[in-house]
Amino acid sequence: MNIRRLRPGTDIDEVSVFLAQLEAETGIPPLGESKFVDLVGPHRGVGFIAEERGSICAYLHLLQRESSQVWELEVAAEQLPKGDLERLLAAAATEASSPMLWWTFGESESAAFAGARFPVARTLHKFVGSIPLPDPWHVPEGVRVAHFRPGIDEEHWLVANNAAFEGHLENGAWTVADVLERESRDWFDAAGFRLWWADDRVAGFCWTKRHGPELGEIYVIGVHPEFQGRGLGRSIVIEALSYLAGEGCRTGMLYVDTANATALDLYQSLGFVLERVDRCFAIPNGWPHEVQ
Numbered sequence: 050m051n052i053r054r055l056r057p058g059t060d061i062d063e064v065s066v067f068l069a070q071l072e073a074e075t076g077i078p079p080l081g082e083s084k085f086v087d088l089v090g091p092h093r094g095v096g097f098i099a100e101e102r103g104s105i106c107a108y109l110h111l112l113q114r115e116s117s118q119v120w121e122l123e124v125a126a127e128q129l130p131k132g133d134l135e136r137l138l139a140a141a142a143t144e145a146s147s148p149m150l151w152w153t154f155g156e157s158e159s160a161a162f163a164g165a166r167f168p169v170a171r172t173l174h175k176f177v178g179s180i181p182l183p184d185p186w187h188v189p190e191g192v193r194v195a196h197f198r199p200g201i202d203e204e205h206w207l208v209a210n211n212a213a214f215e216g217h218l219e220n221g222a223w224t225v226a227d228v229l230e231r232e233s234r235d236w237f238d239a240a241g242f243r244l245w246w247a248d249d250r251v252a253g254f255c256w257t258k259r260h261g262p263e264l265g266e267i268y269v270i271g272v273h274p275e276f277q278g279r280g281l282g283r284s285i286v287i288e289a290l291s292y293l294a295g296e297g298c299r300t301g302m303l304y305v306d307t308a309n310a311t312a313l314d315l316y317q318s319l320g321f322v323l324e325r326v327d328r329c330f331a332i333p334n335g336w337p338h339e340v341q
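Counting from 50, one number per residue, gives the positions in the sequence shown under the working numbering.
Keep in mind that a hint or two might mislead.
As the list claims (entries may be wrong) - SDA-like, lysine to any residue: derived pairs with alpha carbons at most 25 Å apart:
1. K175 - E288
2. K131 - E101
3. K258 - E324
4. K258 - A312
5. K258 - D327
6. K175 - E101
7. K175 - I270
8. K175 - T311
9. K258 - G297
10. K175 - A126
11. K258 - E82
12. K258 - S83
13. K175 - G76
14. K131 - G155
These are calculated hints, taken from the structure and not from any lab test. Note that the structure is predicted; figures quoted are calculated from it, not measured.
All chains should be modelled from the sequences, with the hints used to inform the complete structure.
Structure follows, in structure tokens:
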């Protein structure tokens with residue numbers, strides 16, 4: 050197996066085809082959204098391609114977020130011998146100057162490999178449930194619900210989002226550029242980006258994303274810290290799922306960090322059930338040399 054760095058100018062299309070084939074076979078996107086967006090967009094990260102007889106057999110994307118000293122990586126491969134996977138990770142380790150976080154999706158070979166070697170740093174539960182929900186929702190006095198207005202509401206939403214997710218590696222440092230990139234995607238639906246306003250401030254929000262005609266996702270949801278503790282979260286969830294149901298969706302999905310006990314309780318109380326477990330493993334700085 051040959052391992053080489055991604056050539057952004059020439060390899061993107063071939064890697065994209067490889068990733069699409071993997072997703073078609075497994076039903077799970079092999080790269081998370083932030084890594085895929087970086088691959089096909091600004092490309093701040095580093096890619097490594099593993100080839101066998103001239104064909105891609107694995108792809109690793111390594112990305113360091115501007116707000117963090119930690120590198121994140123994901124590996125896209127259907128089947129890869131342990132020795133080859135270790136070589137691919139070692140190539141990434143030579144690039145990273147600090148600890149790495151490795152996301153794995155579901156009960157994959159990568160997850161088993163990582164679980165035998167590295168501690169779990171985070172765990173996400175993917176929940177699914179039938180919609181619409183029978184549960185009622187209400188808008189408190191002084192609050193109004195409106196859809197997102199491109200070109201007008203970006204900064205207002207960023208204030209609420211970054212406050213709600215302060216200190217969060219992935220969600221707590223969004224920029225206008227990040228929002229505009231999502232607005233350019235085919236799936237973006239301004240009407241499904243629900244903002245709960247208190248006067249001229251976004252008190253809470255639920256950004257939805259459709260995956261086909263009958264599946265809708267709670268993509269990002271949050272309540273500004275100054276408005277937490279008032280029961281807004283439950284109504285925001287139910288209202289957003291009602292919107293998706295009105296658009297023809299019959300199943301709702303979302304991801305919850307297992308450290309967020311309040312959110313876990315909320316979604317389980319609404320009838321959502323666990324479908325998949327994604328794990329993030331911490332690879333120490335200096336691996337593999339200091340570990341051997």
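Starting from the hint list further up, note which numbers the structure goes against and sort them upward.
The structure conflicts with hint 6 only, although it agrees with all the remaining ones.
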